[in-house]
Amino acid sequence: MDEKLNIAFIQADLNWENAEANRKLFSKEIENISDEVDLIILPEMFTTGFSMNAEELAEETDAETLSWMRAHAKAKSAAITGSVIITENGNYYNRLFFVFPDGSYKLYDKRHTFTLAKEDLTYTAGKERLIVEYKGWKICPLVCYDLRFPVWARNTVDYDLLIYVANWPEKRVNAWDALLKARAIENMSYCVGLNRTGVDGDGYVYNGHSAAYDMLGKELTPLDRAEPFIAEISIDKKELLETRKKLKFLQDRDKFSLDE
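FYI, the numbering for the sequence shown is 10 to 269, going by my numbering.
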């Protein structure tokens with residue numbers, strides 16, 4: 010187990026529906042990340058922005074963007090995660106990839122599709138939560154609208170890090186700030202939320218507010234969060250476990266099951 014996990018997350022102004030331009034953008038940003046980083050986080054639909062134009066934009070799973078992620082993971086000796094529009098068996102998915110440095114990967118299909126934007130009419134919702142084991146850490150990666158549903162993130166498996174990749178608009182950013190902090194506190198987990206900036210092709214404005222919190226809700230990223238940036242943080246497994254042992258909050262959680 011690595012006691013420390015070094016994380017970089019990239020808040021960026023995405024190019025609307027232009028995968029090649031976005032891959033170039035993130036390639037340049039990844040070059041500026043230090044070699045000590047273990048995990049690189051990219052936004053939701055980082056190649057396109059939050060688009061419902063899946064028929065034109067979707068890739069096969071093992072296509073250019075996943076190959077791009079594998080190449081950068083190998084070059085940086087770091088895992089990379091973010092979501093992409095994927096087509097599979099006639100369906101479209103808002104699919105998160107977690108790519109390991111050796112090129113292997115895990116995937117998670119966004120569970121809660123955003124009905125307000127009619128995402129539910131375009132994309133098929135996922136059915137299973139993903140827990141990734143990486144360098145002795147248990148990581149739960151989720152996508153944007155999942156943030157509003159605490160039962161889906163409920164820490165029944167003692168994961169150590171909760172991640173949300175997002176395109177969360179400025180008009181509802183107060184909810185983003187509050188819910189990220191709440192998810193960290195209630196799950197006694199580190200929590201990282203990565204949003205985008207800029208204006209998308211549908212006219213929605215994004216002002217970032219990407220942030221990381223520790224297991225008690227202390228913010229680890231005191232940055233001017235409205236503009237593009239790269240943040241690098243280090244989280245501590247020993248501190249996490251000692252805090253859980255001392256406070257015992259997770260031991261007092263209620264037991265119940267989640268029905269479909």
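Just so you know, the hints here were simulated from the structure itself, not pulled from any lab data.
All C-beta atoms in this analysis are idealised placements derived from N, C-alpha and C, irrespective of residue type, glycine included.
Be aware that a few hints might be false.
Said to hold, decoys possible - In silico lysine-lysine, DSBU-like type, Cα no more than 35 Å apart, as pairs:
1) K144 to K85
2) K257 to K246
3) K13 to K127
4) K147 to K127
5) K180 to K37
Said to hold, decoys possible - What follows is a list of derived Cβ distance ranges for each label pair:
6) D268 to L139: 15 to 25 Å
7) E12 to G99: 22 to 32 Å
8) K247 to E97: 16 to 26 Å
9) D11 to N62: 38 to 48 Å
Outcome of the hint check:
As the CA atoms of K144 and K85 are separated by approximately 15 Å, the hinted pair is consistent with the 35 Å bound. Distance restraint check for K257 and K246: the Cα-Cα separation of roughly 16 Å lies within the 35 Å cut-off, and the hinted pair is therefore satisfied. Of the supplied pair hints, the one linking K13 and K127 is violated, its CA atoms being roughly 40 Å apart against a limit of 35 Å. Using a Cα cut-off of 35 Å, the hinted pair K147 and K127 holds, with the two alpha carbons roughly 32 Å apart.
In summary, the hint linking K180 to K37 is supported, as the alpha carbons are separated by about 30 Å, within the 35 Å threshold. For the pair D268 and L139, the supplied restraint of 15 to 25 Å holds, since their beta-carbon distance comes to about 20 Å. Range check, E12 to G99: Cβ separation about 45 Å, and the 22 to 32 Å hint is violated. In this structure the supplied range 16 to 26 Å is violated for K247 paired with E97, their Cβ-Cβ distance being about 40 Å.
Under the hint 38 to 48 Å, the C-beta atoms of D11 and N62, about 40 Å apart, fit the expected range.
This entry does not satisfy hints 3, 7, 8, going by the numbered hints stated previously.
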